[in-house]
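> Here the protein sequences line up with chains F and G, keeping their order.
According to the numbering used here, the first sequence is numbered sequentially starting from 1.
According to the numbering used here, the second sequence is numbered sequentially starting from 1001.
If you're looking for bench data, these hints aren't it; they were derived computationally from the structure.
Computed from a prediction, not measured in an experiment: that's the story for all the values here.
Beta carbons: idealized from backbone N, C-alpha and C, even for Gly.
In silico DSBU-like cross-links for lysine-lysine, where the CA-CA straight-line distance does not exceed 35 Å:
1. Lys-174(F) with Lys-1059(G)
2. Lys-132(F) with Lys-1059(G)
3. Lys-103(F) with Lys-1059(G)
Reference listing, derived: stretches of chain F covered by chain G, where coverage requires no fewer than 3 residues with Cβ under 8 Å from a Cβ of chain G:
4. 72-85
5. 92-105
6. 200-208
One side only, chain F facing chain G, incomplete, derived with CB under 10 Å:
7. Gly-69
8. Ala-89
9. Pro-136
10. Glu-137
11. Ile-168
12. Ala-169
13. Glu-180
14. Tyr-183
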Amino acid sequence: MFGHSYPVALDEREAVAVEARPQMRDVIGVSERTTKVGSETPDSAATWVNLMLRIRDQKDETAFVEMFGHFAPRVKAFLMRSGSDAATAEECVQEVMATVWHKAHLFDPSRASVATWVFTIARNKKIDALRKQRRPEPEELTWGPAAEPDQADVIGLQQESEQLGEAIASLPAKQRELIEKAYFGDLSHSEIAEQTGLPLGTIKSRIRLALERLRHAMDQK
Amino acid sequence: MTEINHHLTDELIMGYSAGTLPEAVNLIVATHVSMCDSCRAAVESYDAVGGAVIEQTEKVEVSDACLQGALDLIRNTAWAAPQVAPRAADPVIPAPLLDYVGGSLDDVKWRPVGMGVKQAILATSDEATARLLYIPAGVAVPDHSHEGMELTLVLQGAFQDEDGRFARGDIEIADSDLHHTPIADVSEDCICLAVTDAPLKFKGLLPRLAQPFLKI
Chain F
1 MFGHSYPVAL DEREAVAVEA RPQMRDVIGV SERTTKVGSE TPDSAATWVN LMLRIRDQKD
61 ETAFVEMFGH FAPRVKAFLM RSGSDAATAE ECVQEVMATV WHKAHLFDPS RASVATWVFT
121 IARNKKIDAL RKQRRPEPEE LTWGPAAEPD QADVIGLQQE SEQLGEAIAS LPAKQRELIE
181 KAYFGDLSHS EIAEQTGLPL GTIKSRIRLA LERLRHAMDQ K
Chain G
1001 MTEINHHLTD ELIMGYSAGT LPEAVNLIVA THVSMCDSCR AAVESYDAVG GAVIEQTEKV
1061 EVSDACLQGA LDLIRNTAWA APQVAPRAAD PVIPAPLLDY VGGSLDDVKW RPVGMGVKQA
1121 ILATSDEATA RLLYIPAGVA VPDHSHEGME LTLVLQGAFQ DEDGRFARGD IEIADSDLHH
1181 TPIADVSEDC ICLAVTDAPL KFKGLLPRLA QPFLKI
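Turn these sequences into a full structure, and let the hints steer you where they fit.
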């Protein structure tokens, strides 16, 4: 379970993380709590964004282990509910989490929460490993360091993601199950899209704005 | 970005986000999204639903060996997915489709289907079929029947049918009831990506046997 301690050579890395902390701390108002390895942290979207930034900017393995503790058991559950056996699921989990690490530079916190980013990587792994298909992805809207997103946009999107999560959690059980089935299984999406009344209006406009800013930044290059 | 008037349905967007659509349908969705920021925002919103679902799902315990394996992979820079050299952007064919046509519009292996209309079947999983259609300016595609859904995305030029006018970036979503006779605009030859979600049916034994080889 997450929260159990990982005995894998963490002590030496703790020192690295503490040293690295001052630059990254408070990036979006997260306290130094994030450097405590293997301990429970509140599941706030901002916590995960800061861990992602530590992975991206410092190649911080301590941050990775903390991310793994939270997301690996969820990704494994997602893959198993999508029809994978436990052994295959663990193999995929390793690759999903390693992809999170190696592609950290592509994570855009003004467009997605870390949970969303992990979900998209896990979904692609599912298509690749379980369905044995290629997954055509939209043309990348890449950004350079000059186009780092505005902190207010990041905070806004992360809060919006949390609110969406809360909205889904508070749906009647039947509707929530429909949504889960849509993402885990092969339930028809027509009824779901119509019936669940997902509150996507605000997050959609927020992402739309982030995309517009990105297009604008690209045009100026 | 050109103005796009015909968009994806929520059903397709959710299916694309959930990862439950056939490969050919994923291809046409990804190609449209490459040209349409409003549908891209919608896809990423549904991705956020996926994020919430994964956040709220019951956890399944992961072994220590799994973490160790992941640590080995992150320390192995050679493991990182091979970086595909970025292709030169094509003015007609968006990136996800380029991979399927072999690099550029010039590489498409067209086959004539009559009236100057040409098509090229793209290799995808067989739950659905993707093809490029080339319709000379001013030409009408003969009334064609298909089972299930047909999605048509305009890449160049424009066509008009009973549902309206479709230009670059527009996607027409037709079910099996729609008998349509698309006519290409006279100004320019029209190139479309078309996806049908049921394999085409052929009469007679010989075409059925030939189908896997000819990929028609």
